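Asks: Taking the hints into account, I'd like the entire structure generated from these sequences.
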Amino acid sequence: MVAAALLNARYVPIGVTVAGEFEGSPLRRLLEAQLIVDESGALSRRADGRYDRRLLIGAGLLMYCTWVGGTALGTLVGDSLGDPDRYGLDAAFPALFLALLVPQVRTRPALAAALGGGAIALVLIPFVPAGVPIVAATAACLVGWTRL
Amino acid sequence: MSDVWLVVVLVGVATVCAKAAGPVLLAGRELPRPLSAVLFLLAPALLAALVVTQAVGGDREIVLDERLVGFGAGALALLFRAPLIVVVIVAAAVTAATRALG
Numbered sequence: 001m002v003a004a005a006l007l008n009a010r011y012v013p014i015g016v017t018v019a020g021e022f023e024g025s026p027l028r029r030l031l032e033a034q035l036i037v038d039e040s041g042a043l044s045r046r047a048d049g050r051y052d053r054r055l056l057i058g059a060g061l062l063m064y065c066t067w068v069g070g071t072a073l074g075t076l077v078g079d080s081l082g083d084p085d086r087y088g089l090d091a092a093f094p095a096l097f098l099a100l101l102v103p104q105v106r107t108r109p110a111l112a113a114a115l116g117g118g119a120i121a122l123v124l125i126p127f128v129p130a131g132v133p134i135v136a137a138t139a140a141c142l143v144g145w146t147r148l
Numbered sequence: 149m150s151d152v153w154l155v156v157v158l159v160g161v162a163t164v165c166a167k168a169a170g171p172v173l174l175a176g177r178e179l180p181r182p183l184s185a186v187l188f189l190l191a192p193a194l195l196a197a198l199v200v201t202q203a204v205g206g207d208r209e210i211v212l213d214e215r216l217v218g219f220g221a222g223a224l225a226l227l228f229r230a231p232l233i234v235v236v237i238v239a240a241a242v243t244a245a246t247r248a249l250g
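Chains as they are written, first to last, in the numbering used here: chain D, 1 to 148; chain F, 149 to 250.
Derived from the structure by calculation, the hints contain no laboratory data.
Predicted model only: the values in this text are computed from it and were never measured.
Heads up, some of the hints might be wrong.
[Claimed, not checked] Covered by chain F, according to a simulated footprint, are these stretches of chain D (three or more residues, beta-carbon under 8 Å):
#, stretch
1, 4-10
2, 30-37
3, 94-102
4, 106-116
Virtual Cβ for every residue (Gly too), placed ideally from N, Cα, C.
Replies: Structure representation (structure tokens):
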């Protein structure tokens, strides 16, 4: 449970980065903020580092529907399909995140942060519960301090 | 309520708070420059960590298996500027094929 909560702690800094694009009442911001996921965040990030709020929310809604729909479908027919690894689905996720990452590393600091984050995660995997390497990897964005 | 559901609810509440913190507390405000310079790099750092943990992560161990073959094929597809959905399908298909053969 701690691992699950820690894994989702990554949404605190992600929320801070997109906060500038949110407006309206606190309740509306709270509800819209629930549509932040890794994929919607990555897709809605523009080249200048700002975020497209409408794209974020649209992608988030689509993600939510397909995620919940897919989960429901999985519980209904999952047993008859057998091991999902047989279909190579476990390789689909790293490939997806790589495809989202590549457009983000056009600058040297971004490349440095990506290499640093990947290295931190790799080193920590054997020693800490799942989720912690991802949160720890966010420390790599501190290379931004040296560029001021 | 069973323990499992208790965990689900608690983690759910924690996640709702984590996601809401930034937008609710900071909405519409520009971040100070040093902070935004650092947070600008958050996305690449986080995505790279997700790539690594999903590609070779196991339960407190590094797992090198057929996933890597498919992941490599996906990366190759990416190099040839294949669209995202093609990259994902190539990675899954090559992994599945490698498993079926091995």
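Asks: Provide an ascending list of the numbers of those earlier hints which the structure does not satisfy.
Replies: The structure breaks none of the hints.
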